[in-house]
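K.L.:
With the hints as constraints, model all of the structure from the sequences given.
Residue numbers (our numbering), protein chains in the order written: chain G, 223 to 648; chain V, 23 to 321; chain R, 348 to 684.
Note that these hints are calculated values from the structure, not bench results. Careful: at least some of the hints might be erroneous.
What the hints assert, rightly or not - In the EDC-like style, the derived pairs of lysine to aspartate or glutamate whose C-alpha atoms are separated by at most 16 Å in a straight line are:
| no. | chain 1 | residue 1 | chain 2 | residue 2 |
| --- | --- | --- | --- | --- |
| 1 | G | 553 | G | 315 |
| 2 | G | 510 | V | 263 |
| 3 | G | 314 | V | 85 |
| 4 | G | 567 | G | 550 |
| 5 | G | 446 | R | 380 |
| 6 | G | 294 | V | 263 |
| 7 | G | 294 | V | 174 |
| 8 | G | 389 | G | 595 |
| 9 | G | 294 | G | 315 |
| 10 | G | 334 | R | 418 |
| 11 | G | 334 | R | 544 |
| 12 | G | 627 | R | 544 |
| 13 | V | 146 | R | 380 |
| 14 | G | 334 | R | 419 |
| 15 | G | 269 | V | 210 |
| 16 | G | 446 | R | 419 |
Note that this is a predicted model, so its numbers are computed, not measured.
Residues per chain are reported as follows:
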Amino acid sequence: MRGKGAAALAGVLSSVLVLSACGGGSDSDSAGETNTGRGPFTFVTGKDLSGIMPFVAEEWNKAHPDEQVTIKQQSDAADQQLSDLQQHFQAKDPDYDVVTVDVVWTAEFAAKGWIVPLKGDLAIDQGTLIPATVEAATYNGTQYAAPYDSDGGLLYYRTDLVKEAPKTWEELITSCEGKTTSGTITGSKPGCYAGQLASYEGLTVNASEAINAAGGTIVSEDGKSAAVDSAQAASGLDFLVNGFKDGYIPKEALGFKETESLNAFAAGDLMYLRNWPYAYAQLSGDSKVKGKFGVAPLPGPEGGGASTLGGHSAAISAYSKNQASALDFLKFLQSEEIQRNSLVKGAKAPVIASLYDDAELNEEFGYLATLKESISTAVPRPVTPFYPAVTQAIQTNAYAALQGKSSTADALKDMAASINSAAAGG
Amino acid sequence: MSTAAVETAEAPRESRPIVTYKKGYDWGRIGNLVAIAAIVFWCLAPFYWMLVLAFRDNANTFDNTPWFTDVTMDNFRYAFDTEFNAFGRSLVNSLIISVSVTVLSMVIAVFAGYALSRLVFRGKSIVLAAILGASMFPGVAILTPLFQLFGDFGWLGTYHGLILPQVSFALPLAVYTLTSFFADMPWELEEAAKVDGCTPLQAFRKVIIPLAAPAMFTTAILVFLASWNEYLLSSVLSKGDTAVAPSTVAIVNFTAGPHIVPYTQTMAAGVIVTIPLVIVVLIFQRRIVSGLTAGGIKG
Amino acid sequence: MSIVSEPIAENAARGRKNRRKRSGRNGGLHSGDGRMALYLLGPTMIMLALIVGYPVLNAIYKSFLTDPGLDDSTGLFNEGNDWNGTANYAHWILQRCNAVGGGTESCPAGNLGSQFWDSVWVTLGFTVVTVIIEVIIGMLFALMMHQAFRGRSLVRVAVLIPWAVPTAVIAKLWVVIFDPQGVLNNVLGTSFAWTSEAGPARMAIVIADVWKTTPFIALLILAGLQGISSEVYESAKVDGANAWQRFWRITLPLVKPALAVAVIFRALDVLRMYDLPWVLTQGSNGTQTISILVVKELASKLNSAAALSTITFVLIFAIALALVRLFNANIVDRGTR
Numbered sequence: 223m224r225g226k227g228a229a230a231l232a233g234v235l236s237s238v239l240v241l242s243a244c245g246g247g248s249d250s251d252s253a254g255e256t257n258t259g260r261g262p263f264t265f266v267t268g269k270d271l272s273g274i275m276p277f278v279a280e281e282w283n284k285a286h287p288d289e290q291v292t293i294k295q296q297s298d299a300a301d302q303q304l305s306d307l308q309q310h311f312q313a314k315d316p317d318y319d320v321v322t323v324d325v326v327w328t329a330e331f332a333a334k335g336w337i338v339p340l341k342g343d344l345a346i347d348q349g350t351l352i353p354a355t356v357e358a359a360t361y362n363g364t365q366y367a368a369p370y371d372s373d374g375g376l377l378y379y380r381t382d383l384v385k386e387a388p389k390t391w392e393e394l395i396t397s398c399e400g401k402t403t404s405g406t407i408t409g410s411k412p413g414c415y416a417g418q419l420a421s422y423e424g425l426t427v428n429a430s431e432a433i434n435a436a437g438g439t440i441v442s443e444d445g446k447s448a449a450v451d452s453a454q455a456a457s458g459l460d461f462l463v464n465g466f467k468d469g470y471i472p473k474e475a476l477g478f479k480e481t482e483s484l485n486a487f488a489a490g491d492l493m494y495l496r497n498w499p500y501a502y503a504q505l506s507g508d509s510k511v512k513g514k515f516g517v518a519p520l521p522g523p524e525g526g527g528a529s530t531l532g533g534h535s536a537a538i539s540a541y542s543k544n545q546a547s548a549l550d551f552l553k554f555l556q557s558e559e560i561q562r563n564s565l566v567k568g569a570k571a572p573v574i575a576s577l578y579d580d581a582e583l584n585e586e587f588g589y590l591a592t593l594k595e596s597i598s599t600a601v602p603r604p605v606t607p608f609y610p611a612v613t614q615a616i617q618t619n620a621y622a623a624l625q626g627k628s629s630t631a632d633a634l635k636d637m638a639a640s641i642n643s644a645a646a647g648g
Numbered sequence: 023m024s025t026a027a028v029e030t031a032e033a034p035r036e037s038r039p040i041v042t043y044k045k046g047y048d049w050g051r052i053g054n055l056v057a058i059a060a061i062v063f064w065c066l067a068p069f070y071w072m073l074v075l076a077f078r079d080n081a082n083t084f085d086n087t088p089w090f091t092d093v094t095m096d097n098f099r100y101a102f103d104t105e106f107n108a109f110g111r112s113l114v115n116s117l118i119i120s121v122s123v124t125v126l127s128m129v130i131a132v133f134a135g136y137a138l139s140r141l142v143f144r145g146k147s148i149v150l151a152a153i154l155g156a157s158m159f160p161g162v163a164i165l166t167p168l169f170q171l172f173g174d175f176g177w178l179g180t181y182h183g184l185i186l187p188q189v190s191f192a193l194p195l196a197v198y199t200l201t202s203f204f205a206d207m208p209w210e211l212e213e214a215a216k217v218d219g220c221t222p223l224q225a226f227r228k229v230i231i232p233l234a235a236p237a238m239f240t241t242a243i244l245v246f247l248a249s250w251n252e253y254l255l256s257s258v259l260s261k262g263d264t265a266v267a268p269s270t271v272a273i274v275n276f277t278a279g280p281h282i283v284p285y286t287q288t289m290a291a292g293v294i295v296t297i298p299l300v301i302v303v304l305i306f307q308r309r310i311v312s313g314l315t316a317g318g319i320k321g
Numbered sequence: 348m349s350i351v352s353e354p355i356a357e358n359a360a361r362g363r364k365n366r367r368k369r370s371g372r373n374g375g376l377h378s379g380d381g382r383m384a385l386y387l388l389g390p391t392m393i394m395l396a397l398i399v400g401y402p403v404l405n406a407i408y409k410s411f412l413t414d415p416g417l418d419d420s421t422g423l424f425n426e427g428n429d430w431n432g433t434a435n436y437a438h439w440i441l442q443r444c445n446a447v448g449g450g451t452e453s454c455p456a457g458n459l460g461s462q463f464w465d466s467v468w469v470t471l472g473f474t475v476v477t478v479i480i481e482v483i484i485g486m487l488f489a490l491m492m493h494q495a496f497r498g499r500s501l502v503r504v505a506v507l508i509p510w511a512v513p514t515a516v517i518a519k520l521w522v523v524i525f526d527p528q529g530v531l532n533n534v535l536g537t538s539f540a541w542t543s544e545a546g547p548a549r550m551a552i553v554i555a556d557v558w559k560t561t562p563f564i565a566l567l568i569l570a571g572l573q574g575i576s577s578e579v580y581e582s583a584k585v586d587g588a589n590a591w592q593r594f595w596r597i598t599l600p601l602v603k604p605a606l607a608v609a610v611i612f613r614a615l616d617v618l619r620m621y622d623l624p625w626v627l628t629q630g631s632n633g634t635q636t637i638s639i640l641v642v643k644e645l646a647s648k649l650n651s652a653a654a655l656s657t658i659t660f661v662l663i664f665a666i667a668l669a670l671v672r673l674f675n676a677n678i679v680d681r682g683t684r
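P.N.:
Here's what the structure looks like:
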């Protein structure tokens with residue numbers, strides 16, 4: 223036992239030396255252009271909840287026997303996927319060849335040099351894609367990732383309570399009068415409206431949507447400074463803040479994530495719900511509102527709300543040895559065959575624009591036209607390499623405003639200040 | 023041999039209930055019963071809810087009917103469906119890891135506990151402080167350097183890569199508990215054994231260890247349960263490799279659909295990992311109580 | 348340093364004292380103690396050095412380095428890891444943030460740096476409240492488990508169940524139970540927003556933590572109780588001591604070493620608590636512990652997070668020291684009884 227221990231100790235000491243030697247040197251091998259080899263590779267992606275990955279692997283491997291893909295599934299929680307990717311990139315793991323990137327991680331991964339730019343030999347033609355999805359995969363004017371599924375917010379409404387979905391916030395609020403219980407969902411009537419308003423990433427999505435719909439923006443064009451301290455942003459955020467004050471958003475919504483908000487709507491406890499397209503299938507299944515709900519684009523102050531863009535892209539690791547194979551795989555993920563199958567089998571929103579106009583698909587997925595509108599007009603969440611700090615700034619301050627702990631004006635002022643300080647390096 | 027030794031000990035120990043009831047009726051007894059009922063209720067109520075959910079359909083997770091409704095075995099079926107997860111395999115992994123961690127930690131900690139409670143040497147307080155200090159750094163901050171270190175060693179996704187860190191994290195508590203209990207054991211017993219011709223370590227093994235059995239079983243249970251429940255380290259250091267990942271990692275990877283939290287499936291898995299543990303604990307528990315009376319004292 | 352070890356060292360000293368009485372006759376024992384201790388403690392120290400020592404030293408070193416910064420001309424991050432002095436520490440303790448255009452300013456709300464002291468108080472609050480409740484309930488559990496009565500094994504199993512259920516499972520159970528539409532509000536007839544208001548959210552976390560870890564303390568106390576000779580009680584009874592006096596003057600002092608270990612390790616755990624509040628509230632609503640703050644900072648700045656971890660380490664060290672002194676004083680009392 224002591225011999226073993228001594229060996230281990232020696233191992234520690236030598237690795238301390240190795241690590242510190244690495245820390246000092248520059249990374250000449252990162253983002254090298256010489257890794258464009260071919261061969262088997264690994265695709266690291268979040269848990270495959272909709273069962274579409276076996277098809278992807280099978281089809282690819284059939285056509286590429288010498289460049290087989292191994293699919294590695296991570297957790298289904300986004301924050302755990304992110305920290306797993308960060309850990310592996312920091313360790314320069316060559317086994318993570320192609321990785322799934324949530325739209326909001328693109329800028330950070332690109333700026334850290336972890337994923338390679340898709341230009342030169344690695345360029346991809348993205349002409350058939352919905353432009354908003356490509357924009358969200360672009361950092362500093364260069365595309366870094368290939369979008370392969372998309373997501374946009376929808377307004378779910380109760381067709382048994384209203385004939386037509388409201389187009390404006392005003393209409394939404396007035397349509398609730400008399401039909402809903404104010405301030406809570408424990409009454410005999412349902413609550414009026416809810417989204418994902420707990421203090422987590424979902425709040426960044428919902429707050430951004432409200433702010434963008436009112437004409438406000440969160441960060442400036444170049445992504446380096448805050449632009450959120452504006453009258454438009456204030457009127458947007460006030461839609462949510464006043465919801466709690468006036469009672470058209472039930473107080474329970476302060477703890478709502480996707481699941482909780484969907485459960486409330488499915489139980490008939492809400493008249494309106496903002497959620498992603500995935501909710502459609504569940505509500506159509508075993509729920510109390512089955513056959514009694516419809517979908518519409520998100521409302522805004524004067525009609526035409528702004529959805530936040532969700533979705534995923536695939537990117538090539540800078541440490542991958544088989545980048546040429548990886549690039550072919552990216553194109554394969556964007557192919558119509560895979561896109562169509564992902565929609566049919568897994569209800570994943572496609573990135574190819576023409577699929578949304580496919581009559582057959584529209585018949586099966588009643589919300590497709592609405593979703594296209596939502597995604598085409600969607601605004602990406604702030605594209606910034608400081609995204610973790612920026613989303614913290616948005617969540618913390620928006621939540622304080624929703625709880626009435628700070629005024630909308632103060633919350634936006636603090637939000638702007640902390641976004642700026644994040645861009646200055648915290 | 024140790025019979026004579028023990029009989030000369032000045033304070034033979036015996037476990038007897040602290041409170042004995044001599045009168046047939048008294049408020050103390052009723053109060054006791056109420057207290058016991060309250061304890062059982064407090065401990066079991068959430069577990070009861072876990073059982074109810076384990077047998078309920080996931081869509082009805084938030085249905086508050088307080089007894090078993092919508093009973094289904096689907097959650098248990100899901101847990102053991104190898105198409106979706108590696109829960110069955112992970113139970114085996116958990117057992118291998120937890121048993122190894124417990125055995126290794128106990129052996130190492132018994133040595134350390136003996137040294138700290140029985141030997142006179144310089145720097146003892148520094149050693150004690152260093153051992154305690156190992157429990158003071160936020161565990162979440164140790165993960166990344168450990169991941170990189172084990173990556174260099176090639177230890178990621180291996181059993182020893184999962185076992186060794188857990189041994190280290192179990193050691194401070196195990197060493198402190200054992201040191202504290204060993205120090206309480208009367209020295210005279212060992213002295214007497216030595217008079218009978220035992221070496222110090224023999225005396226320790228034959229006299230103190232049996233006497234300290236309750237403390238040792240308690241410590242072993244604490245270490246075993248901590249290892250059985252460990253998630254954070256294993257999730258990172260296993261690299262998600264189902265061949266070595268323990269049950270906690272498998273359970274957290276349960277899925278029910280996009281944005282659907284697999285509450286009831288998780289509860290079913292929770293019941294599966296808890297019940298055998300309860301049985302094991304029950305067996306150990308008897309040892310805790312009987313350890314003293316069955317040990318060398320009565321011999 | 349040396350103070351940390353005193354309750355244990357004091358125990359050890361009792362062993363020593365006893366032994367010294369005889370060491371004259373057995374002088375040979377002494378000479379090998381140092382080397383023997385080295386052999387016996389070696390495995391422990393090597394394990395700790397490898398798994399804990401290296402990462403901790405690594406983190407402490409990095410806490411004095413810069414994190415990667417954005418190079419405005421290329422839009423790429425540099426490597427960071429330049430000498431940064433104590434700036435990372437000032438970021439947390441003095442809440443200094445980088446200002447636009449250089450220099451530092453007071454951290455604005457929404458920056459993690461501004462949340463440091465809140466997290467410290469929240470963590471300390473959780474520690475004091477949960478440990479006190481756990482000791483009281485744990486003592487009660489242990490005394491009950493120590494009694495002889497029919498169905499004792501049922502109680503023993505019941506008490507251990509909370510500790511046997513993995514946190515990964517139990518955290519999800521609490522999410523269901525504490526849901527505003529969940530079973531707890533239903534049973535109590537209340538409508539607390541358990542996870543979205545500071546008061547109820549903190550209470551929820553305390554309840555969940557107490558439920559889970561009281562068995563830990565109860566088990567350790569029980570093991571301490573097993574070592575108490577019943578003769579001590581008999582003679583106390585003969586002296587006319589009532590039940591309360593017997594508990595206060597005999598039981599408590601005698602289980603104190605076990606209790607000290609239990610309380611110190613529980614305190615160290617709660618001071619580093621992460622998973623339970625993370626699952627229930629993500630740290631919102633006044634439940635953000637220091638470890639949650641560390642995790643949030645780790646998402647973007649490793650070295651700054653290392654500084655926060657080091658501060659936590661120092662803080663916990665100070666608290667452990669204080670606890671050890673507290674228990675030491677009591678052990679001295681016991682000696683004079």
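K.L.:
Indicate, hint by hint, whether the structure satisfies it.
P.N.:
Do the hints match the structure? See the list:
{"no.": "1", "hint": "G:553 / G:315", "in the structure": "violated (23 Å)"}
{"no.": "2", "hint": "G:510 / V:263", "in the structure": "violated (40 Å)"}
{"no.": "3", "hint": "G:314 / V:85", "in the structure": "violated (47 Å)"}
{"no.": "4", "hint": "G:567 / G:550", "in the structure": "violated (23 Å)"}
{"no.": "5", "hint": "G:446 / R:380", "in the structure": "violated (65 Å)"}
{"no.": "6", "hint": "G:294 / V:263", "in the structure": "holds (10 Å)"}
{"no.": "7", "hint": "G:294 / V:174", "in the structure": "violated (21 Å)"}
{"no.": "8", "hint": "G:389 / G:595", "in the structure": "holds (13 Å)"}
{"no.": "9", "hint": "G:294 / G:315", "in the structure": "holds (14 Å)"}
{"no.": "10", "hint": "G:334 / R:418", "in the structure": "holds (11 Å)"}
{"no.": "11", "hint": "G:334 / R:544", "in the structure": "violated (38 Å)"}
{"no.": "12", "hint": "G:627 / R:544", "in the structure": "holds (11 Å)"}
{"no.": "13", "hint": "V:146 / R:380", "in the structure": "holds (12 Å)"}
{"no.": "14", "hint": "G:334 / R:419", "in the structure": "holds (13 Å)"}
{"no.": "15", "hint": "G:269 / V:210", "in the structure": "violated (62 Å)"}
{"no.": "16", "hint": "G:446 / R:419", "in the structure": "holds (9 Å)"}
Violated hints, in rising order: 1, 2, 3, 4, 5, 7, 11 and 15; the structure is consistent with all others.
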